[in-house]
Amino acid sequence: MSTGAPPTPPPAAGPQIGVDEWVRRSGERITGPAGLPGHVKRAADRTPPFVLLAAFVAVAACIPFMTSNIYIQGVATDTMLYVLLAVGLNVAVGWAGLLDLGYVAYYGFAAYLYAALSGSRILTGQVLLADWPTWKVVPVVVGATVLLGFALSLTTRRLRGDYFAIVSLFFLEIFNNFTSNGDRWDWLGLGGTHDLTGGTTGLIDTHPWRMVGHSLLNYSRDYLWVALAGFTVIAVALTYANRSRTGRGWRSLRDDPLAAEVMGSPVKWLMMLAVAVGAGVAGFAGAVNGAYYQQVSPTSFSFQLLITVYAMVILGGVGSLGGVVFGAVVVNVLLEVLRFPNYAGWVFYAGLLIALVAKVRPWRLLAAVLGGVVVFGVVVNAIVGAVWSRGVHGPVAVGADSFTQHGFRAAVLHHWLVLPKNTYEVADYHIGNYAYVLLIAMVLTLTVVSGWKRYALLVPTLWLAAFVWETVLIEQSPTTRPLFLGVILIVLMTSRPAGIFGTPRVEVV
Amino acid sequence: MTAPLLELRGLGVSFGGLRVIDGLDVHVVEHEIVSLIGPNGAGKTTVFNLITGVFKPDEGDILLDGQSLVGLDPHVITNRGVARTFQTLRLFLNMSVKENVMSAQYGRTKSTIVESMLQLPRARRAERQINAVAEEKLAFFGERLMGYRWNQPAYSLSYANRRRLELARAMATEPRILLLDEPAAGMNPVETHEITELIGKLRDEGRYTILVIEHDMHVVEGISDRVVALDHGEKISEGTFEQVATDPRVVEAYLGTAATTKK
Numbered sequence: 001m002s003t004g005a006p007p008t009p010p011p012a013a014g015p016q017i018g019v020d021e022w023v024r025r026s027g028e029r030i031t032g033p034a035g036l037p038g039h040v041k042r043a044a045d046r047t048p049p050f051v052l053l054a055a056f057v058a059v060a061a062c063i064p065f066m067t068s069n070i071y072i073q074g075v076a077t078d079t080m081l082y083v084l085l086a087v088g089l090n091v092a093v094g095w096a097g098l099l100d101l102g103y104v105a106y107y108g109f110a111a112y113l114y115a116a117l118s119g120s121r122i123l124t125g126q127v128l129l130a131d132w133p134t135w136k137v138v139p140v141v142v143g144a145t146v147l148l149g150f151a152l153s154l155t156t157r158r159l160r161g162d163y164f165a166i167v168s169l170f171f172l173e174i175f176n177n178f179t180s181n182g183d184r185w186d187w188l189g190l191g192g193t194h195d196l197t198g199g200t201t202g203l204i205d206t207h208p209w210r211m212v213g214h215s216l217l218n219y220s221r222d223y224l225w226v227a228l229a230g231f232t233v234i235a236v237a238l239t240y241a242n243r244s245r246t247g248r249g250w251r252s253l254r255d256d257p258l259a260a261e262v263m264g265s266p267v268k269w270l271m272m273l274a275v276a277v278g279a280g281v282a283g284f285a286g287a288v289n290g291a292y293y294q295q296v297s298p299t300s301f302s303f304q305l306l307i308t309v310y311a312m313v314i315l316g317g318v319g320s321l322g323g324v325v326f327g328a329v330v331v332n333v334l335l336e337v338l339r340f341p342n343y344a345g346w347v348f349y350a351g352l353l354i355a356l357v358a359k360v361r362p363w364r365l366l367a368a369v370l371g372g373v374v375v376f377g378v379v380v381n382a383i384v385g386a387v388w389s390r391g392v393h394g395p396v397a398v399g400a401d402s403f404t405q406h407g408f409r410a411a412v413l414h415h416w417l418v419l420p421k422n423t424y425e426v427a428d429y430h431i432g433n434y435a436y437v438l439l440i441a442m443v444l445t446l447t448v449v450s451g452w453k454r455y456a457l458l459v460p461t462l463w464l465a466a467f468v469w470e471t472v473l474i475e476q477s478p479t480t481r482p483l484f485l486g487v488i489l490i491v492l493m494t495s496r497p498a499g500i501f502g503t504p505r506v507e508v509v
Numbered sequence: 001m002t003a004p005l006l007e008l009r010g011l012g013v014s015f016g017g018l019r020v021i022d023g024l025d026v027h028v029v030e031h032e033i034v035s036l037i038g039p040n041g042a043g044k045t046t047v048f049n050l051i052t053g054v055f056k057p058d059e060g061d062i063l064l065d066g067q068s069l070v071g072l073d074p075h076v077i078t079n080r081g082v083a084r085t086f087q088t089l090r091l092f093l094n095m096s097v098k099e100n101v102m103s104a105q106y107g108r109t110k111s112t113i114v115e116s117m118l119q120l121p122r123a124r125r126a127e128r129q130i131n132a133v134a135e136e137k138l139a140f141f142g143e144r145l146m147g148y149r150w151n152q153p154a155y156s157l158s159y160a161n162r163r164r165l166e167l168a169r170a171m172a173t174e175p176r177i178l179l180l181d182e183p184a185a186g187m188n189p190v191e192t193h194e195i196t197e198l199i200g201k202l203r204d205e206g207r208y209t210i211l212v213i214e215h216d217m218h219v220v221e222g223i224s225d226r227v228v229a230l231d232h233g234e235k236i237s238e239g240t241f242e243q244v245a246t247d248p249r250v251v252e253a254y255l256g257t258a259a260t261t262k263k
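In the order they appear, the protein sequences are chains S and L. Residues in the first sequence are numbered from 1 upward in steps of one, following this note's numbering. Residues in the second sequence are numbered from 1 upward in steps of one, following this note's numbering.
Only chain L is shown next, with the shape it has when bound in the complex (with noise of 0.2 Å):
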C-alpha cells in the first residue's frame, strides 16, 4: 500500500460540551476517490473545517503527504494543496464568473502590489497565467461555463452553473486532494448524473485525488472507490461501498434499530 495523501490520525475536536469529532481515522491515497457519508449532524462537514483549518482540531493530526497542517491559516494549508467546496455555496457573488475563479489562483502567483502598480514584467506574467489557468478551468466543464458567461455576475448563475463554477474555483487553486461537500446536493437528477461522471472525470483527467462528502447514495456507489461512514463524530464504518451499505450498524444510524430486523 502506498503512503496516504490525506491522513487523519485520532481527530477531535469540541464545541463546548459536545463532542463533535472523536478520534477518526481516515486516510486518502493518491488518485483515489473516498466518500464520506454520514446521517444529519454526522459531522462530515466539521472534518472538512478541521482538513481546511477553519477550526482547529482538539487533538490528533492531519497530514498531507506526511506533514502536519494542524494550526496553520486555512489560505497556507491550501497553498499546500487542500482544495474545498462548500455545502451552502460561497461564491464571490459580486465579482464575474472569471474573476471568482482567477481570484484563487492568489496563492499560486507572487507578484506585488507596487509590481501590479507598475505593471512590471513579473505582473503582466501572473496575470497571463492567472488569466489562462482560468480559462482552463472553467474550459472543464464544456460549453456551461464559456463565453459570454465569464464577464457575467456569478449571482447571474443558476444554481447548478454555481456549485459547477464553485468546483472550477476550487480547481483554481491547484489542489492536490480535492474536498467536495455534497456536490450535488438539490442538482436534479440529470445533474446529479453529469456530476457523477465529473467527479470520475476529474480523478481520471484531473488527477485530484477527491474526499467527497455526499448523500445521494447513487452519486456515492457510482464514483467511489472506499466510503467511510461517520455517526456522532465516530468511524463506525469503512469500506467498499457495498461493504459499508450492509453494514448493519450503518443502517441503523440511518433508519434506526427495528429497520436491522426488517432488513
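In isolation and in its complexed conformation, chain S is listed as follows (with noise of 0.2 Å):
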C-alpha cells in the first residue's frame, strides 16, 4: 500500500538520543532501587542531611523515655556504640577507599587506655594507673587513638588495596595478641613481669564517666545520651570535612590515586589522614565502650566484631553517612532479634517470603511454590507421622532453653514440618545437622540449575531450611547470626552491590 510519497517522520515527542537534552535528562532515567527502597532513598535525598540527624537523634534519645525497659535501653546504646563504629569505619573505608581490616584495634585501644587512665583493676586486685576525670580522659583517649592511627597508617602509607589490607589486619592481630597476653609483660627481660591488661580476662570494674560531679550510673540511659551526644558532633563535623577539600581529596584518591597525586593532592598524607580520623571515631566510641560494660577484654574486640562493622557499612551503602548509620541499625536490631527464638522465627519467615516475593515471577509461579510448598509439608509430615509418630510431636522452641507444645506456631508445624522429639537426644540431634548440610548441597544445587527444575527443587528447599531452623538454628543463636550476616551480604552482593543507600560506582567506562 504505498502512497508514493515519502512518509514524513512525526515531530520529535520528547528529548531525543544524541541532543543535549537527552544527557541533561540523563539523571531522570537513573530511577534507582524501585519499590519501597527507592522511595526511601529519594525521600532521604531530598531531605537536608541536618534534618535527618536532628530526627535521628531526637527519637533515638527519646528511647529511655518511651520504654523502661533495661533490655531494650541497653540495645539501643549497643546500637549508638555500632553506629559510632560504622561512621568511623565509613571514612576509610567509604570516602577513601582504603580497605582497613584492622580499625577494630583502634576502638579495642581506646577501650583499655580509658580504663587506664580512669580506673579499673585487674582479676588479681591491683588498681591500675591513673583515676583521671572524665572531661580529661576523653580528649586524651580521642587524641592517643588518632595518634596511633596516623602511626600505624605511617607504615601503611604506601600501600593499596590488598597489600593495605593485609597489612591493616596484622594490627588487629598484633593488639589481640599483646592484650592478651600483656599480662606477663617483660620489659624487654629486665626484671621480672608485669600484667599490663589483664590478659584475657581484660581490665574490670572500670569506673564510669563523671560529668559535672554526678558519675553517670544508669548505664543503659546515661551512655545512650553520651553515644548520642557525641554522633551529633561527628556526623556535623563528618559531613562538613566530606564536603571540603579533604573530602574530595579523599574520594578523588579512591577513585584514581595516581591522578590524584599527580593533580597535586598528597595521596600519603590524605590516606594517613582518612585512617587517623576514622580512628578517632572510634577512639570516642572506644571511651563510651570501657565505661559501659564496665570491662574491657580481648574477646570484645574480635575479628567478629570487625565483620559485623562491615557488613554493617556495606549494608547501609559504603560512603553514604546517613547510610551506615541505618545499615548499623538494622544489622544490630537484626542480630539482636535472633537471641529470641519467638521473635527470629517472624524475621526467618518473613525474609524468606520477602525474597520469594521479589524473586519469583509472575504471581502465579509464585503461588504454584507456596502451595507446593504447604503440601509437600503436609504430605510429609503424614508420611513420618505413620511411620515415626514421636517425629512430628517435637516441642516448638520459644527460648534459648523454652519449649512449648501450645500456641499458633506449634499447631502449624506439627501438621507441617517433622520435629524430632529431643533435639537433645544424640541420635534426634544428629537428623538436624544432617539435613544441614544436605540443605547446603540442595541450596548450591539451586544455584546451578534453571527453569522448570529450580522451581521443582526449591520446594522441597524451602521446606527443609525450615525443618532446619526449627530442630538446629533456632536455638544456636551464635552460630545464626553471623550465617544470618552471611547470607544477607550474599543477597546483597547480587541484587544491590553498592548497598541500601550507597550510590553505585562505575569503575570502568
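Think of the hints as simulated: they come from the structure by calculation, not from any bench. Where hints are given, some of them may not hold.
Some chain L residues judged to face chain S by a derived CB distance under 10 Å, without partners named [to be verified]: (1) 79; (2) 92; (3) 102; (4) 103; (5) 104; (6) 113; (7) 126.
Below are the DSS-like pairs computed for lysine-lysine, each with C-alpha atoms no more than 27 Å apart in a straight line [unchecked claim]: (8) S:268 with L:110; (9) S:453 with S:359; (10) S:359 with S:41; (11) L:56 with L:235; (12) L:56 with S:268.
All figures in this text were calculated on a predicted structure; none of them were measured in a lab. Quick reminder that beta carbons are idealized off the backbone N, C-alpha and C, glycines included.
Got two chains here, separate frames each, mind docking them using the hints?
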C-alpha cells in the first residue's frame, strides 16, 4: 500500500538521543532502586542531611522515655556504639576507599586506654594507673587514638588495595595478641613480669564517666545519651569534612590515586588522615565502651566485630553517612532479635517470603511454589507421622532453653514440619545436622540448575530450610547470627552491590 | 634568548635492561608551545612521567625555572607549577564534573580538616576560592562543561568532553606549564580542529606554556612554535615543524629507510 510520497517523520516527541537535552535528563532516567527502598532513598535524598540527623537523634534520645525496659535501652546503647563504629569506618573505607581491616584495634585501644586512665582493676585486685576525671580522659583517649592511627598508617602509607588490607589486619592481630598476653609483660627481660592488660580476662570494674559532679551510673540510658551527643558532633563534623577539600581529596584518591597525586593532592598524607580520622571516631566510641560495659577484654575486639561493622557499612551503602547509620541500626537490631527464637522465627519466615515475592515472578509461579511447599510439608508430615509418630510431635522452641507444645506456631508446625521430640537426644540431634548439610547442598544445586527444575527443587529446599531452622538454628543464635549476616551480604551482593543507600560506582567506562 | 621555563638536561632512564630515555635535552621557553613527536614507543609519555615525578630519572636533571624537580613527590611538582593530562584519560569518574576540577585546587588552598569540620573562616574562604576557580576553568570551554553538567558524574560525559574536563582539571592546579599527552587522541576531525584552536587559546588567553605530545600532524603543524622528535628515547630532530617534518631521520623513524628514496 505505497502512496508514493515519502513518509514524513513524526515530530520529535520529547528528547532524542544525541541531543543535549537527552544528556541533561539522563539523571531522570536513572531511577535508582525500585519499590520501597527506592522511595525511601529518594525521600532521604530530598531531605537536608541535618534535618535527618536531628530527627534521628531526637527519636533515639527519647528511647529511655518510651520504654523503661532496661534491655531495650541497652540494645539502643549497643546500637549507638555500632553506629559510631560504622560512621568511623566509613571514613577510611567509604570515602578514601581504603580496606582498613585493623579498624577494631583502634576501638579496643581506646577502650583499654579509657579503662587504664579513668581507673579499673585486674582480677587479682591491683588498681591500674590513674584515676583521671572524664573531661580529661576522653580528649586524651581520642587524641591518642588519632595519633595511633597516624603512627600505624605511617607504615602502610605506600600500600594500596589488598596489600593495605593485609597489613592493617595484622595490626588487629597484634592488638589482640598484646592484650591477651599483656599480663606477662617482661620489659624486654629487664627484671620480672608485669600485668599491663589483665590478659584474657582484661580490665574489670572500670569507672563510669563522671560529669559535673555526677557519675553516669544509669548505664543503658546515660551512655545512650553520651553516645548520641558524640554522634551528633561527629556526624556534623564529618559532613563538613566530606564537603571540604579534604573530602574531595579522599574521593579522588579512591577513584584514581595516581591521578590524584599528579593533580596536586598529597595522597599518602590523605590516606593517613582518613585512617586517623576514622580512628578518632573509634576512639570516642572506645571511651564510651570502656565505661558502659564496665570492663574491657580482648574478646570484645575480635575479628568478628570487625566483620559485623563491615557488614553494617556495606549493607547501608559504602560512602553514605546516612546509609551506614541505617545499616548499623538494622544489622544490630536484627542480630539482637535473633537471640529470641520467638521473634527470630518471624524474621526468618518473613525474610524467606520477601525473598520469594521479590524473586519469583509471575505471581502464578509464586503461588505454585508456596502451595507446593505447603502440600509437600503436609505429605511428608503424614508419611513421617505414620512411620515414626514421635518425630512429628516434638516441642517448638520459644526461648533459649524453653519449649512449648501449644500455640499457633506449634499447631502449624505439627501438621506441616517434622519435629523430632528431643533435639538434645544424640540420635535426634544428628538429624538436624545431616539436614543442615543437605540443605547447603540443595541451595548450591539451586544456583546451578535453571528453568522448571529450579522451581521444582525450590519446594523441598524451602521446606528443608524450615526444618533446619526449627530443629537446629533457632536455638543456636551464636551460629545463626553470623550465618544471617553472610546470607544478607550474599543477597545484597547479587541484588544491589552498592548497598541500600550507596551510590553505584562506575569503575571502567 | 630568555632562560627556559622547563629544561631537561641529559635525562636518562632504564626499565630493567631497556634504555627508555637516553641523554635527552629539551627546553621550553615561557609562553611557547613545544610539540613532542615520535613513533609509538619512542618514550614520549615516559618523558612526561619523568617530569611529573611518577618515575625517577636514573641520570640527568629536570629544572623548572632553574630549580630541580628530581626526587620530589608528584604533588609537590604539581604545586611548583607543572600540570598534565593523561593519554588514557584518568578522571575521577565517580565524582561530579565540577568536583573533578575542584579536587585539583587541593594544592592551592591551605585550610586543614579541623578548620573544615568547624567551618572556620579560612575553610569557608578556601571553599569559595575553589568554587570560583573551578567555575572559571570550566567556563573556558564555552557551554560544553557548564550548567547542568556540573553536578553530573564524570562518567556520564562523552569522550570529547572527558578530554576537555581533564584539561580543565589540569588548569585548576594553576600551573605554569601544561603537559598535554595526546589531547586530540580519539577525537573526530571537527573536535580535533577545535582542540587545535583551544591549545592556541590556552597560550594566548590562558598565558600557559605548553609541552604537548601529539600524533596528529595537522594539530602539530597548527600549534607548534617548535617541534622535538624522539625515537628510541633519543632526540633525533628539533626545530620548526617544516624543519623536523622534512628531516630525513624523522621520516626514517616514522616510515623506515625505503621511504626516503620515495620522497
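Here is how each hint holds up against the structure:
1. 79: holds (5 Å)
2. 92: Since the shortest Cβ distance to chain S is 4 Å, the answer is holds.
3. 102: holds (6 Å)
4. 103: Given a least distance of 4 Å, the restraint on residue 103 of chain L holds.
5. 104: Residue 104 of chain L check passes; min Cβ-Cβ to chain S is 5 Å, inside 10 Å.
6. 113: Residue 113 of chain L check passes; min Cβ-Cβ to chain S is 5 Å, inside 10 Å.
7. 126: This interface hint holds because 6 Å falls under the 10 Å limit.
8. S:268 with L:110: holds (17 Å)
9. S:453 with S:359: holds (16 Å)
10. S:359 with S:41: Holds. Residue 359 of chain S to residue 41 of chain S sits at ~21 Å (cutoff 27 Å).
11. L:56 with L:235: Holds, at about 19 Å.
12. L:56 with S:268: It holds: about 18 Å lies between the C-alpha atoms, which stays within 27 Å.
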